[in-house]
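**Student:** The chain contents come next:
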Amino acid sequence: QTNEENSEDVLQDWQFQYGANGFEFRSRDNQYSLQIQSRLQFRFATPGDNDPLSFNDFSENSGNVFKINRSRIKVGGHAYKPWLKYYWEYDLGQSNLLDYRLMIEPWEFLNFKIGQFKVEYSRERRISSGAQQTVDRSILNKAFTVDRQQGIELYGRLRRSGSLDFNYWLGVFTGAGRGATENDSKDLMYFGRLQWNIFGENIGFRSSDLSIHKKPGAIIAVAGSTNRSQHTRFSSSGGGFLEGYEGQNPGQYHLKQANIETALVYQGFSWQSEIHWKKIEDRINLRETNLSGYYLQAGYLVHQTFSWWPKPLEIAARYANYTPNTQAESNLDEMTLAFNWFFKGHRNKLTMEISEFDLITEDLGTKDELRFRIQWDISI
Amino acid sequence: QTNEENSEDVLQDWQFQYGANGFEFRSRDNQYSLQIQSRLQFRFATPGDNDPLSFNDFSENSGNVFKINRSRIKVGGHAYKPWLKYYWEYDLGQSNLLDYRLMIEPWEFLNFKIGQFKVEYSRERRISSGAQQTVDRSILNKAFTVDRQQGIELYGRLRRSGSLDFNYWLGVFTGAGRGATENDSKDLMYFGRLQWNIFGENIGFRSSDLSIHKKPGAIIAVAGSTNRSQHTRFSSSGGGFLEGYEGQNPGQYHLKQANIETALVYQGFSWQSEIHWKKIEDRINLRETNLSGYYLQAGYLVHQTFSWWPKPLEIAARYANYTPNTQAESNLDEMTLAFNWFFKGHRNKLTMEISEFDLITEDLGTKDELRFRIQWDISI
Amino acid sequence: QTNEENSEDVLQDWQFQYGANGFEFRSRDNQYSLQIQSRLQFRFATPGDNDPLSFNDFSENSGNVFKINRSRIKVGGHAYKPWLKYYWEYDLGQSNLLDYRLMIEPWEFLNFKIGQFKVEYSRERRISSGAQQTVDRSILNKAFTVDRQQGIELYGRLRRSGSLDFNYWLGVFTGAGRGATENDSKDLMYFGRLQWNIFGENIGFRSSDLSIHKKPGAIIAVAGSTNRSQHTRFSSSGGGFLEGYEGQNPGQYHLKQANIETALVYQGFSWQSEIHWKKIEDRINLRETNLSGYYLQAGYLVHQTFSWWPKPLEIAARYANYTPNTQAESNLDEMTLAFNWFFKGHRNKLTMEISEFDLITEDLGTKDELRFRIQWDISI
Chain A
-5 QTNEENSEDV LQDWQFQYGA NGFEFRSRDN QYSLQIQSRL QFRFATPGDN DPLSFNDFSE
55 NSGNVFKINR SRIKVGGHAY KPWLKYYWEY DLGQSNLLDY RLMIEPWEFL NFKIGQFKVE
115 YSRERRISSG AQQTVDRSIL NKAFTVDRQQ GIELYGRLRR SGSLDFNYWL GVFTGAGRGA
175 TENDSKDLMY FGRLQWNIFG ENIGFRSSDL SIHKKPGAII AVAGSTNRSQ HTRFSSSGGG
235 FLEGYEGQNP GQYHLKQANI ETALVYQGFS WQSEIHWKKI EDRINLRETN LSGYYLQAGY
295 LVHQTFSWWP KPLEIAARYA NYTPNTQAES NLDEMTLAFN WFFKGHRNKL TMEISEFDLI
355 TEDLGTKDEL RFRIQWDISI
Chain B
-5 QTNEENSEDV LQDWQFQYGA NGFEFRSRDN QYSLQIQSRL QFRFATPGDN DPLSFNDFSE
55 NSGNVFKINR SRIKVGGHAY KPWLKYYWEY DLGQSNLLDY RLMIEPWEFL NFKIGQFKVE
115 YSRERRISSG AQQTVDRSIL NKAFTVDRQQ GIELYGRLRR SGSLDFNYWL GVFTGAGRGA
175 TENDSKDLMY FGRLQWNIFG ENIGFRSSDL SIHKKPGAII AVAGSTNRSQ HTRFSSSGGG
235 FLEGYEGQNP GQYHLKQANI ETALVYQGFS WQSEIHWKKI EDRINLRETN LSGYYLQAGY
295 LVHQTFSWWP KPLEIAARYA NYTPNTQAES NLDEMTLAFN WFFKGHRNKL TMEISEFDLI
355 TEDLGTKDEL RFRIQWDISI
Chain C
-5 QTNEENSEDV LQDWQFQYGA NGFEFRSRDN QYSLQIQSRL QFRFATPGDN DPLSFNDFSE
55 NSGNVFKINR SRIKVGGHAY KPWLKYYWEY DLGQSNLLDY RLMIEPWEFL NFKIGQFKVE
115 YSRERRISSG AQQTVDRSIL NKAFTVDRQQ GIELYGRLRR SGSLDFNYWL GVFTGAGRGA
175 TENDSKDLMY FGRLQWNIFG ENIGFRSSDL SIHKKPGAII AVAGSTNRSQ HTRFSSSGGG
235 FLEGYEGQNP GQYHLKQANI ETALVYQGFS WQSEIHWKKI EDRINLRETN LSGYYLQAGY
295 LVHQTFSWWP KPLEIAARYA NYTPNTQAES NLDEMTLAFN WFFKGHRNKL TMEISEFDLI
355 TEDLGTKDEL RFRIQWDISI
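Residue numbers (this note's numbering), protein chains in the order written: chain A, -5 to 374; chain B, -5 to 374; chain C, -5 to 374.
Simulated from the structure, these hints should not be mistaken for lab results.
Some chain C residues near chain A, calculated using beta-carbon distances under 8 Å:
(1) F10
(2) I30
(3) F60
(4) I62
(5) G87
(6) I372
Cut-off 25 Å, straight-line C-alpha distance, at most; resulting in silico cross-link-like pairs (PhoX-like, lysine-lysine):
(7) K107/B <-> K79/B
(8) K338/A <-> K79/B
(9) K75/C <-> K338/B
(10) K361/B <-> K136/B
(11) K338/C <-> K107/A
(12) K180/C <-> K361/B
(13) K361/A <-> K180/B
(14) K305/B <-> K75/C
(15) K79/A <-> K338/C
(16) K107/C <-> K338/B
(17) K79/C <-> K338/B
(18) K361/C <-> K180/A
(19) K209/C <-> K338/C
(20) K180/C <-> K107/C
(21) K338/C <-> K75/A
(22) K338/A <-> K107/B
(23) K75/B <-> K305/A
(24) K75/B <-> K338/A
(25) K305/C <-> K75/A
Keep in mind that this is a model prediction, so the values were computed, not measured. Heads up, the beta-carbon is just placed ideally off N, CA and C, and yes, glycines get one too.
Okay, chain A solo, but in the shape it has when bound:
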């Protein structure tokens, strides 16, 4: 609206390209850039799309469904200086603002992030839904993810020529989840993560070894988080509650949680795992519950061994196991087999997946379900 700063307009000399972040406009002096990208995830699922997590989910026979599961617009780039970066992402179908963040990244060892974004608490959640190896995340995600939060974060990479090579993240957040405008308690969420880049490479938050590592890349990471609020879980919908924690009074639940994570990529093979612990202290009913879970996941571009195998075809598998209360016997597991056809890396791929879910309960017996899904995920 205002015109007073007009005199400093940067004129004329611009570059345009289509790249890994979509359509990009960049001033020749690289002080300004604007990237615009659309992403569509189209899915067919039968007998239904949701992970069955509780006993009743197994009984309900929802219908076959075609749907636009994710429909995103992503806008990013930098302004004023190359190290002052911005990024926002909006889900058009849900009308949800997902990310809106500013990143001040002057040095490798010290950077600063502000806004709303995915906390780097767990690998699976941090990896974009468009860069997964399977149709979607494992059954662990719902209970353990810290998801997106609003706040500030310090992060960077510390390394010397030897094997001392670490990434770190430290954050403080409102702890009320995506889109919150208030904090129900005075307490904030605290978060930290330390990641050892074993062979001197930060392999990033990405599934599948599409770049076919000649030398192995691997990480081991530890992450922890505490928060006090009315919520017992977080998702793209914001703060929510796990089954059995319907009471939502201000500051009712104190969450303490930790995650140990590994990942490896080598010659078309990829591996990743997470082990989670979460303690929910109910400060009103004076009750304490411990949740735990883990998953193991591997993928392989079989063409690296058998040259007759189609180059774009990856095979991947995951086993996940979730215990909602370590004092009780109930237990849910998931076995998933997936095939990815990479037309253009993760930017344009087709995924076919079969999953088997088994719920073992103390009192109600055992339930199982087989699910088939096929998905096209394309970024433009």
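Got chain A sorted already, so can you dock chains B and C onto it with the hints?
**Tutor:** Leaving out everything else, chains B and C in the frame of chain A:
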């Protein structure tokens, strides 16, 4: 986010233009294009804006209203290949994702569409709200449109040099309407349409003969659809219900419907009509209802006959008749007279319209209403 | 979608720049332009973010909060002709369409605006939230703003070489607030504003004298508005109600309100004030209430006097006083002290603010609260 595919970035040689799809950026090799367009529809209506459809609608005297009736952003183009097209459209005022679709269009005779989009079931609905000949669609639309659905579609044009010239569409959809994330029943929606291009031209989904056809263009089309779900009608708000069908249990209603459609354009004159039948089988109350309706619509750029008539001024008229239950005597009709001033075709036009609605009921007598509307529709 | 107007596409010769309205694309003949801008406002507040307006607000101790307070995308420019301008603004976090307007601006003395936009009723409200001198607007805003409305407006500037220099605005609106699709009554909202540009400069709707006026710029303005509807106040959420006016029947309240406003900028010093009166006539309970309030605000770029003072640092203060009912003794006031660090004018600034609120009630005694906020507002 990921950078690994960066090496293949398409650099530098881009073309820019402002055209029929708004602002457009295109790589010189035409592998990538991005179009951005905004559309605003501003309306004044008195004594109110809604079509009076039931007895009570006539009694309510709502107020004079200025409003932004539609406020759209449209983003489209192609990526990777010229025949891999994408398009999304979002209504900013309602925060509704309308379209999000991918089109694979390698050949004229066989194309493939996936995502959420307007089913080509009826002409009036398929024509963009910005390319109508009147301020808005007829009273038929609410009851008979299949509207937007999520699913997949095959379509194409079959022709030989003679008069054998057809367009066809075949689709399978979840059948739960715009924005649905689940299917209430196992059943899917099936749809087909066959269109004969009588004089060897596909005149498309467009009102008004702005291009002044020297040779006549005409079509006759037949379309049909079946669906089982909890819904009895669909709109931009998603699946809904017609008056008298408030019960919405999973799979309660089986809909079977058909449409016969004609259209013609010649020397500034344009014609279109639809005849609709719809059967609603209530599987819970074991009741069956038949609905029917038709409209006839014509427009003329009078300058083609009288040279003193302003070139941009079109006159158009419509008669529509709707029977909500063929077993009962109730009946609603609409007579509309409209004037369009085309500043720049359908991309910038002013429409003035007078409508008369008459409701004849078995038991409550007759009601009528006169409505005036004026509208500016502009695409930028 | 349609291609018939394609032949007139404007090709190739485009200019690109980054300026006061963000990223801008412009055809060389200047018939078309497109501007895209993102704005993020990130805020930390303690003990909470909301202005305490009623007795209970003071008692509630909400929590410390980091939040994305505003997250906007702004798209504007012109099309077809340089004087046919468009602009829309969407809040991504709230999924609210704020502005969508077309401006026909052929002459200085007569212009025309249509759509949804901020009525120019009061200075504080009309100034963009990104161009405020404090973290946010005063306690007056909630009760007195006319906010955004849908309708049409005439405006312009009348001047001769002497001191006869005026801006005027005249508008007619539905009067149902942002996003309304119906009018609850037949009555419309009427609005007028007359502004005397004392020294022959229209200083616009902007806080802080960032351009360091060598000659003083000042205005005095009078504005008035009437409306009849179910609403007693308006905000970004649309039509709403003030405390004590919970009844919302069609056409229940007739509002008549006026504002006298001053503003001055000179050598880094800036001043602004408003005095408000508002009469609410309840046509159902036959009750009449008068509200009043005023604020005084000043800012100074101290570097203009003391060269050791950092150039980008402004100090600003505001006193506001609000009387919800002139017949009663209750009274709320606000004292605010703010510091702005302008990295890049209002487009990138950091604001730190301390406010003291005092509520004096007839019956419940006195309450006070101290609030601290820090905010980064950046446009990209």
